[in-house]
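Engineer: Letter by letter, the chains look like this.
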Amino acid sequence: MGLKRGVMEDNQKIVIGNKVITRKELFEEQEKLRKARARMHFKNKIKALIDLQKIASKWGKRKDVIIWMS
Amino acid sequence: MKNTIEIMNELKKEKLIKDYAIGGAIGALKWVEPFFTRDLDIFIIPVGETEKRLINLSPIYEYLKKKGCYWKKQWIIIKGIPVDFIPADALGKEAVENAKETEYDGTRTKVITPEYLIPLFLKAGRDKDVRKIEMLLEQAKINAEKLDEVLEKYGLTRKFNGLKKRRYGR
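Top to bottom, those sequences are chains B and P.
According to the working numbering, the first sequence holds residues 6 to 75 in order.
According to the working numbering, the second sequence holds residues 578 to 747 in order.
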């Protein structure tokens with residue numbers, strides 16, 4: 006029963022603009038993007054980290070976060 | 578970041594440290610997608626025998642103080658970046674010696690490779706370290722033979738296999 010529900014959910018269609026994909030394809034797509042981000046240039050990763058530190062400091066109100074100088 | 582690396586290179590040039598490499602979260606970040614972290618972990622090989630009972634980092638801190646660096650909580654702030662110095666043990670020393678030479682904004686530096694980061698995180702063993710191991714296993718290119726060799730050498734194979742079994746069921 007659980008397995009059947011899992012398979013059904015995997016094949017459920019999701020519409021994103023003019024693209025129709027299954028939940029399984031969505032996760033596969035996300036995994037591909039993660040791997041692509043892992044190949045980003047080191048300097049750009051540090052820039053992304055600084056943005057995350059700014060978000061943590063402002064939105065998360067984490068005053069103890071030191072925002073790095075690039 | 579560039580200025581911080583330049584200071585690290587100065588420490589090496591001034592013979593205050595034998596060598597260094599970036600490890601911890603930023604070391605992992607070199608090989609996986611960007612994620613949040615607060616500080617920069619730098620593994621250093623101190624000058625002289627690392628087997629000595631006492632490692633004196635005072636000359637390094639004195640030099641850094643003269644360069645305008647200061648203490649904040651557990652970190653030393655080097656050019657705006659909180660740095661944690663980790664004097665390398667045997668595994669750390671090998672990790673630094675085998676670290677990948679790379680450039681950051683035109684400045685040379687070294688970053689510890691996944692084959693050493695995984696054993697180092699495994700040794701630390703906190704939840705946040707386990708999460709980084711997972712990211713490396715899922716996203717980084719790993720030389721499995723080299724990783725096995727390092728794990729075996731430092732008696733971490735069982736711990737690693739246990740983690741893999743818990744997380745991935747194999």
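These are computed hints drawn from the structure, not numbers from a lab.
This one's a predicted model, so the numbers in the text were calculated from it and none came from an experiment.
A couple of the hints might just be wrong.
[Stated by the list, open to error] The calculated lysine to aspartate or glutamate pairs, modelled on EDC-like cross-linking and capped at a C-alpha distance of 20 Å, are: (1) 650/P / 639/P; (2) 589/P / 671/P; (3) 723/P / 704/P; (4) 48/B / 34/B; (5) 656/P / 36/B; (6) 579/P / 36/B; (7) 650/P / 69/B; (8) 48/B / 678/P; (9) 40/B / 729/P; (10) 649/P / 69/B; (11) 52/B / 618/P; (12) 52/B / 610/P; (13) 718/P / 33/B; (14) 642/P / 616/P; (15) 700/P / 618/P; (16) 705/P / 69/B; (17) 589/P / 722/P; (18) 40/B / 610/P; (19) 37/B / 666/P; (20) 59/B / 616/P; (21) 48/B / 726/P; (22) 48/B / 729/P; (23) 700/P / 678/P; (24) 723/P / 674/P; (25) 18/B / 30/B; (26) 52/B / 682/P; (27) 670/P / 729/P; (28) 718/P / 69/B.
[As the list claims (entries may be wrong)] Derived, one-sided and incomplete: chain B residues facing chain P with beta-carbon distance under 8 Å: (29) 19; (30) 20; (31) 40; (32) 43; (33) 48; (34) 61; (35) 73.
Ideal Cβ positions, reconstructed from N, Cα and C, are used throughout, including at glycine.
Engineer: Give a verdict on every hint.
Structural biologist: Outcome of the hint check:
{"no.": "1", "hint": "650/P / 639/P", "in the structure": "holds, 17 Å"}
{"no.": "2", "hint": "589/P / 671/P", "in the structure": "holds, 17 Å"}
{"no.": "3", "hint": "723/P / 704/P", "in the structure": "violated, 24 Å"}
{"no.": "4", "hint": "48/B / 34/B", "in the structure": "violated, 25 Å"}
{"no.": "5", "hint": "656/P / 36/B", "in the structure": "violated, 35 Å"}
{"no.": "6", "hint": "579/P / 36/B", "in the structure": "violated, 31 Å"}
{"no.": "7", "hint": "650/P / 69/B", "in the structure": "holds, 10 Å"}
{"no.": "8", "hint": "48/B / 678/P", "in the structure": "holds, 15 Å"}
{"no.": "9", "hint": "40/B / 729/P", "in the structure": "violated, 28 Å"}
{"no.": "10", "hint": "649/P / 69/B", "in the structure": "holds, 10 Å"}
{"no.": "11", "hint": "52/B / 618/P", "in the structure": "holds, 18 Å"}
{"no.": "12", "hint": "52/B / 610/P", "in the structure": "holds, 12 Å"}
{"no.": "13", "hint": "718/P / 33/B", "in the structure": "holds, 18 Å"}
{"no.": "14", "hint": "642/P / 616/P", "in the structure": "holds, 19 Å"}
{"no.": "15", "hint": "700/P / 618/P", "in the structure": "holds, 15 Å"}
{"no.": "16", "hint": "705/P / 69/B", "in the structure": "holds, 18 Å"}
{"no.": "17", "hint": "589/P / 722/P", "in the structure": "violated, 31 Å"}
{"no.": "18", "hint": "40/B / 610/P", "in the structure": "holds, 7 Å"}
{"no.": "19", "hint": "37/B / 666/P", "in the structure": "violated, 37 Å"}
{"no.": "20", "hint": "59/B / 616/P", "in the structure": "holds, 14 Å"}
{"no.": "21", "hint": "48/B / 726/P", "in the structure": "violated, 31 Å"}
{"no.": "22", "hint": "48/B / 729/P", "in the structure": "violated, 34 Å"}
{"no.": "23", "hint": "700/P / 678/P", "in the structure": "violated, 24 Å"}
{"no.": "24", "hint": "723/P / 674/P", "in the structure": "holds, 14 Å"}
{"no.": "25", "hint": "18/B / 30/B", "in the structure": "holds, 9 Å"}
{"no.": "26", "hint": "52/B / 682/P", "in the structure": "holds, 12 Å"}
{"no.": "27", "hint": "670/P / 729/P", "in the structure": "holds, 16 Å"}
{"no.": "28", "hint": "718/P / 69/B", "in the structure": "violated, 34 Å"}
{"no.": "29", "hint": "19", "in the structure": "violated, 22 Å"}
{"no.": "30", "hint": "20", "in the structure": "violated, 26 Å"}
{"no.": "31", "hint": "40", "in the structure": "holds, 6 Å"}
{"no.": "32", "hint": "43", "in the structure": "holds, 4 Å"}
{"no.": "33", "hint": "48", "in the structure": "holds, 6 Å"}
{"no.": "34", "hint": "61", "in the structure": "holds, 6 Å"}
{"no.": "35", "hint": "73", "in the structure": "holds, 5 Å"}
Going through the hint list in order, the structure does not satisfy hints 3, 4, 5, 6, 9, 17, 19, 21, 22, 23, 28, 29, 30.
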